[in-house]
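**Q** First to last, the protein sequences are chains A and B. For what it's worth, the numbering used here labels the leading residue of the first sequence as 71, then goes sequentially. For what it's worth, the numbering used here labels the leading residue of the second sequence as 71, then goes sequentially.
Quick caveat, the hints were computed from the structure, so don't treat them as lab data. Check the hints yourself; a few may be wrong.
Derived DSBU-like pairs (lysine-lysine); straight-line CA-CA distance at most 35 Å [to be verified]:
#, chain 1, residue 1, chain 2, residue 2
1, A, K91, B, K168
2, B, K168, A, K190
3, A, K168, B, K168
4, B, K73, A, K190
5, B, K168, A, K73
6, B, K190, A, K77
7, A, K168, A, K153
8, B, K190, A, K113
9, B, K113, A, K151
10, B, K91, A, K182
11, A, K153, B, K77
12, A, K151, B, K141
13, A, K190, B, K151
14, A, K153, B, K190
15, A, K91, B, K151
16, B, K77, A, K190
Non-contacting residues of chain A with respect to chain B, defined by C-beta distances greater than 12 Å in every case (computed) [unchecked claim]:
#, residue
17, N72
18, L125
19, K200
Heads up, the beta-carbon is just placed ideally off N, CA and C, and yes, glycines get one too.
2 protein chains.
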Amino acid sequence: MNKLEEKILADGRILPGEILKVDNFLNHQVDMELMDWIGGEFKRRFGDCGITKVLTLEASGIPPAVLTAYKYNVPLVFAKKAKSGNLGTQDLYRALVKSYTYGNSFTVTVAKRYLSPEDKVLIIDDFLAKGEASRGMVEICRQAGAEIAGIGICIEKGFQPGGEQLREAGYHLESLAIIDEMDDQGTIRFRE
Amino acid sequence: MNKLEEKILADGRILPGEILKVDNFLNHQVDMELMDWIGGEFKRRFGDCGITKVLTLEASGIPPAVLTAYKYNVPLVFAKKAKSGNLGTQDLYRALVKSYTYGNSFTVTVAKRYLSPEDKVLIIDDFLAKGEASRGMVEICRQAGAEIAGIGICIEKGFQPGGEQLREAGYHLESLAIIDEMDDQGTIRFRE
Numbered sequence: 071m072n073k074l075e076e077k078i079l080a081d082g083r084i085l086p087g088e089i090l091k092v093d094n095f096l097n098h099q100v101d102m103e104l105m106d107w108i109g110g111e112f113k114r115r116f117g118d119c120g121i122t123k124v125l126t127l128e129a130s131g132i133p134p135a136v137l138t139a140y141k142y143n144v145p146l147v148f149a150k151k152a153k154s155g156n157l158g159t160q161d162l163y164r165a166l167v168k169s170y171t172y173g174n175s176f177t178v179t180v181a182k183r184y185l186s187p188e189d190k191v192l193i194i195d196d197f198l199a200k201g202e203a204s205r206g207m208v209e210i211c212r213q214a215g216a217e218i219a220g221i222g223i224c225i226e227k228g229f230q231p232g233g234e235q236l237r238e239a240g241y242h243l244e245s246l247a248i249i250d251e252m253d254d255q256g257t258i259r260f261r262e
Numbered sequence: 071m072n073k074l075e076e077k078i079l080a081d082g083r084i085l086p087g088e089i090l091k092v093d094n095f096l097n098h099q100v101d102m103e104l105m106d107w108i109g110g111e112f113k114r115r116f117g118d119c120g121i122t123k124v125l126t127l128e129a130s131g132i133p134p135a136v137l138t139a140y141k142y143n144v145p146l147v148f149a150k151k152a153k154s155g156n157l158g159t160q161d162l163y164r165a166l167v168k169s170y171t172y173g174n175s176f177t178v179t180v181a182k183r184y185l186s187p188e189d190k191v192l193i194i195d196d197f198l199a200k201g202e203a204s205r206g207m208v209e210i211c212r213q214a215g216a217e218i219a220g221i222g223i224c225i226e227k228g229f230q231p232g233g234e235q236l237r238e239a240g241y242h243l244e245s246l247a248i249i250d251e252m253d254d255q256g257t258i259r260f261r262e
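Given only the sequences and the hints, what does the whole structure look like? Please build it.
**A** If you want it as structure tokens, here you go:
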């Protein structure tokens with residue numbers, strides 16, 4: 071079992087509706103030793119393949135993406151959730167992302183000047199379930215003409231279809247913890 | 071002139087209305103060497119004063135706060151902008167923050183379990199102008215009974231009143247770049 075899996079078992083909480091709360095070390099309070107490990111582990115798994123930028127989505131993807139960009143010493147770009155005021159401009163890539171947690175959809179944007187066909191992008195996010203956020207970032211890279219080096223996910227819900235779909239589409243997807251099963255009694259089974 | 075001031079002069083853009091765009095190295099695309107310097111510089115300025123947590127506000131405060139927490143090896147807590155769905159719960163500290171950029175107000179929240187009277191908190195943010203975001207984080211620390219070690223700001227607009235008010239209120243405020251004057255012709259004057 072790796073450091074993240076151990077942390078999930080020790081400090082994660084399961085709420086009804088297959089919700090895994092990891093807000094005491096990943097997406098509200100953030101454990102910096104764990105982020106250091108996560109950044110290093112993504113670098114080990116994706117290796118030296120010419121990554122020029124790390125891309126994530128505000129807000130909870132930012133801490134693991136910062137440490138990954140830090141280890142690679144490349145810029146981080148974080149896609150923004152659009153506010154009504156900045157949708158009219160022509161200088162943005164944009165993608166629609168459906169949120170199952172909040173039951174709505176939102177547009178994410180990246181300024182065109184920060185992604186180009188010269189870029190080789192590593193996409194990082196904290197969670198992968200149905201894959202909506204990752205697909206939004208993939209779509210933004212497609213609009214930019216940027217190459218996608220891979221997708222690095224901290225926690226994948228393996229019992230939801232997002233990961234499988236991205237792998238089948240040919241992306242190099244690395245999830246540091248894949249949960250194949252969890253229940254309200256607190257049982258969590260990780261994929262070997 | 072320090073690294074951040076040099077970067078502002080080299081890569082910042084001034085838009086009408088005294089808006090300084092630093093989205094190519096600070097709050098959209100993020101320069102990791104600069105974040106490394108910022109984290110180290112905050113640690114040098116605030117020193118070893120028993121800080122237990124770094125607190126910031128999503129989303130653009132997170133990258134400099136991550137590197138600061140990383141240098142101190144303490145947890146980062148990022149306050150969240152409230153969504154309507156999570157306002158009813160009793161387990162949140164909350165503060166109202168007025169945004170002059172977007173002309174509205176929003177509520178920021180921190181789960182009560184992540185700040186307590188045992189904590190000594192370093193507040194970090196990317197910008198300080200009228201001081202609304204910083205005051206929101208100060209208010210959350212007050213509700214938690216946590217001690218405030220200081221407030222670390224990347225860029226302070228010295229011609230707006232937020233910094234002066236926080237200093238007069240007795241907070242240890244360190245701003246890495248204080249802009250005393252800027253104009254649409256691209257002139258920026260930093261405080262010595």
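**Q** With reference to the structure, classify each hint as holding or not holding.
**A** Now for the hints, and whether the structure bears them out:
For the suggested pair K91/A and K168/B, the alpha carbons sit about 29 Å apart, so the restraint of at most 35 Å is met. The hinted pair formed by K168/B and K190/A fails the criterion: a straight-line CA distance of about 38 Å is larger than 35 Å. As the CA atoms of K168/A and K168/B are separated by approximately 28 Å, the hinted pair is consistent with the 35 Å bound. A distance of roughly 27 Å separates the Cα atoms of K73/B and K190/A; the hinted pair therefore holds under the 35 Å criterion.
The suggested pairing of K168/B with K73/A is violated, with an alpha-carbon distance near 40 Å, which exceeds 35 Å. This hinted pair checks out: K190/B and K77/A have alpha carbons roughly 24 Å apart, not beyond 35 Å. This hinted pair checks out: K168/A and K153/A have alpha carbons roughly 16 Å apart, not beyond 35 Å. At roughly 33 Å between alpha-carbon atoms, K190/B and K113/A fall within 35 Å of each other, so this suggested pair holds.
Simply put, K113/B and K151/A have alpha-carbon atoms about 31 Å apart, close enough for the 35 Å limit, and the pair holds. Only pairs whose Cα atoms come within 35 Å are accepted, and K91/B paired with K182/A is accepted, the gap being roughly 15 Å. At roughly 27 Å between alpha-carbon atoms, K153/A and K77/B fall within 35 Å of each other, so this suggested pair holds. The straight-line distance between the Cα atoms of K151/A and K141/B is roughly 29 Å, inside the 35 Å bound, and the hint therefore holds.
Simply put, K190/A and K151/B have alpha-carbon atoms about 32 Å apart, close enough for the 35 Å limit, and the pair holds. For the suggested pair K153/A and K190/B, the alpha carbons sit about 34 Å apart, so the restraint of at most 35 Å is met. Note on K91/A and K151/B: the hinted pairing holds, with a Cα-Cα distance of about 18 Å set against a maximum of 35 Å. At roughly 25 Å between alpha-carbon atoms, K77/B and K190/A fall within 35 Å of each other, so this suggested pair holds.
In this structure N72/A is separated from chain B by more than 12 Å, as the shortest Cβ-Cβ distance comes to about 20 Å. A cut-off of 12 Å between C-beta atoms contradicts the statement that L125/A is not in contact with chain B; the least separation is 10 Å. No Cβ of chain B approaches the Cβ of K200/A within 12 Å, the least distance being about 19 Å, so the stated non-interface status holds.
Going down the numbered hints, you'll see the structure goes against 2, 5 and 18, while the others check out.
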